[in-house]
Amino acid sequence: MREKDKEKDLIETHALAYGHPGRTLGHDINLTVSTGEVLCVLGPNGGGKTTLFRTLLGLLPAHEGSISLRGKPLQDCTPVECARIMAYVPQAGNSYFAFTVRDVVLMGRTAHLGLFARPGVSDLDAANAAMTELNITHLADKTFTQISGGERQLALIARALAQEALLLVMDEPTASLDFANQALILHEIVRLKTSGRSVLFCTHDPDHALQCADRTLLLQHGNVLALGAPREVVTAANLKTLYGVDVELIESPSREQPFCRPKLPPG
Amino acid sequence: MLTIMSLALLIVLLIVALLVGRFAISPGELVAILWAKLTGGSHALPAALDAVIFEIRIPRAIAAALIGGALAAAGAVYQNLFRNPLVSPDILGVSSGAALGAVLAIFLSLPVVAVQGFAFAGGLLAVAMVVFIGNAVRGHDPILALILTGVVVGTLLGAGIAMIKYLADPYNQLPAITFWLLGSLSTISPADLMIALPLVLAGLIPIYLLRWRMNVLSLSDDEARALGVNVAWLRAVLITCATLITAAAVAISGIIGWIGLLIPHAARLLVGPEFARMLPLSMLLGASFLLAVDTVARIAATIELPPGVLTALIGAPLFLWLLSGSNSRARQ
Chain A
1 MREKDKEKDL IETHALAYGH PGRTLGHDIN LTVSTGEVLC VLGPNGGGKT TLFRTLLGLL
61 PAHEGSISLR GKPLQDCTPV ECARIMAYVP QAGNSYFAFT VRDVVLMGRT AHLGLFARPG
121 VSDLDAANAA MTELNITHLA DKTFTQISGG ERQLALIARA LAQEALLLVM DEPTASLDFA
181 NQALILHEIV RLKTSGRSVL FCTHDPDHAL QCADRTLLLQ HGNVLALGAP REVVTAANLK
241 TLYGVDVELI ESPSREQPFC RPKLPPG
Chain B
1 MLTIMSLALL IVLLIVALLV GRFAISPGEL VAILWAKLTG GSHALPAALD AVIFEIRIPR
61 AIAAALIGGA LAAAGAVYQN LFRNPLVSPD ILGVSSGAAL GAVLAIFLSL PVVAVQGFAF
121 AGGLLAVAMV VFIGNAVRGH DPILALILTG VVVGTLLGAG IAMIKYLADP YNQLPAITFW
181 LLGSLSTISP ADLMIALPLV LAGLIPIYLL RWRMNVLSLS DDEARALGVN VAWLRAVLIT
241 CATLITAAAV AISGIIGWIG LLIPHAARLL VGPEFARMLP LSMLLGASFL LAVDTVARIA
301 ATIELPPGVL TALIGAPLFL WLLSGSNSRA RQ
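The listed protein sequences correspond, in order, to chains A and B. At position 191 of the first sequence the residue is numbered 191 (the working numbering), and the sequence of numbers has no breaks. At position 238 of the second sequence the residue is numbered 238 (the working numbering), and the sequence of numbers has no breaks.
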């Protein structure tokens, strides 16, 4: 591989085996996320999505194989080096002390601040820019614990932007959000991609993969069932294997990708 | 603004603490005595007042402020680290360890210095034990493992204290043990203060410097690590510092409860949880609270009341009031 390509691949795994300490979940994972790419991971509950993400983030050690971050082995990267390349956007359900949204977003600046430093003007500017980008400046002084789930998710994405990470790793960003907020988050994922960032996210809804992913990974019992363009991977046969549910894919005249819906028994 | 107000409150309380007591001193007399001391001159007042001010009241007022501020800072750190506003500085067994050390030293009829040394060492040993066992317990959330280990070790040490009390001489040792366990500032000498002060500062300074970064540690371990923090290392440093200040404070004052739980909670209600704003206010409020309580303990009755009893009497209802207040605020 040429040097230039290595630079373009933000994260790359080679024959990765991952899991919890003492219990390997999946083997032989080979995936890359390149600059400006959206990779969506689909799989049933307990299929290993979160564990895979935690391994890619360096929060769990790889059992076998390797992960490299911009060509450098992940285990050789310090937390600060990791944080400057990839950001973790957790599910918005976590309970916090009652920080203001601005305080939460400012915490994204940690990797850019010295050990004893407090955020300065430039950090405040970065936090404000991130909130502006996500249209949540009106929430800046609100308490994080008292805003809606969708707003919390946006605040956490803003924190990742303030972190100036190139890759955002989002663990079920649409989970437990209402219909409108799910659409809002998907919209943001597409917008992040057009602004040159990469997104790795997982979801329960195959439509989300069809709608906004460049590539989709199907994860079954921890292992790769399929990896490729959404249209090729999100098929009725694959979804039947993955979820054990009959689905139909309905072509839409108004968009490139089909819709996916489960087949319900007649009546 | 609140920080400046609480600093002013602390200064007022310091002055009041120097004026009131069995020998009432007027503000004018206080100024004359302090001025004479500063300039090396003399004053026309009884020489005994010099001793009252410089040997007794100033060391005691400084000790009260120092211990109150230290306990509040340690409580704030632990509450943040353990992501729980109901945690107090003795969550990892500092107080039980210090108490067992002190009680053992009293039981062995050792001098006061040894009682303090044993208390300090006991506090550090207890926390070291909790951290060691907590890390050895695998397969659990590390924070939950630490807290549960702290509870178990604390109970075990409590059994040791009970055993020594049972064996102690009921006429000399048992009252001394009971008195120590109640907590008191009445016996603190300038020399005690000179030993405790550097230890408290050695713990406080790193905490103060790390005060913004503390925010990140109140997030989940995964988030903190992904934000670029070496979580295990930073948590170890902060536990060490908070333990150091608590052990040093408890060693000279005995066990004074409630401050580490109540004061950070109050500070958080006033300025929010952002640690860089909350910590300084916590320290100032803690210093003022214990200084006020100790002053009341000195003057309220003909005998001195144990400040630990007073902090509990004031702390428990105040805490419940804060709790109901924070609930109604959250509902709005």
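It is worth saying that the hints were derived from the structure and are not from the lab. From a predicted model like this one, the values you see are computed outputs, not experimental measurements. Check the hints yourself; a few may be wrong.
[Unchecked claim] A short list of chain B residues far from chain A (calculated; beta carbon distances all over 10 Å):
(1) ALA8
(2) VAL12
(3) PRO111
(4) VAL112
(5) GLY272
[Stated by the list, open to error] Here's a subset of chain A near chain B, in silico, CB distances under 10 Å, partners left out:
(6) PRO61
(7) ARG84
(8) PRO119
(9) VAL121
[As the list claims (entries may be wrong)] If you anchor each label on the Cβ, the simulated ranges turn out as follows:
(10) A:ASP178 to B:VAL137: 53 to 61 Å
(11) A:LYS72 to B:VAL137: 32 to 40 Å
(12) A:LEU115 to B:LEU108: 37 to 45 Å
By construction, the Cβ of each residue, glycine as well, lies at the ideal position given by its N, Cα and C atoms.
Here's how the hints hold up against the structure:
1. ALA8: ALA8 (chain B) is indeed farther than 10 Å from all Cβ atoms of chain A, at 24 Å.
2. VAL12: 29 Å, holds
3. PRO111: 40 Å, holds
4. VAL112: 38 Å, holds
5. GLY272: Violated, because the least Cβ-Cβ distance between GLY272 (chain B) and chain A comes to about 6 Å, which does not exceed 10 Å.
6. PRO61: 13 Å, violated
7. ARG84: Holds, because the Cβ-Cβ distance from ARG84 (chain A) to chain B comes to roughly 7 Å (cut-off 10 Å).
8. PRO119: This interface hint holds because 7 Å falls under the 10 Å limit.
9. VAL121: 15 Å, violated
10. A:ASP178 to B:VAL137: 53 to 61 Å: Since the Cβ atoms of ASP178 (chain A) and VAL137 (chain B) sit about 40 Å apart, the hinted range of 53 to 61 Å is violated.
11. A:LYS72 to B:VAL137: 32 to 40 Å: 34 Å, holds
12. A:LEU115 to B:LEU108: 37 to 45 Å: Roughly 43 Å apart at Cβ, these two residues keep to the hinted range, so it holds.
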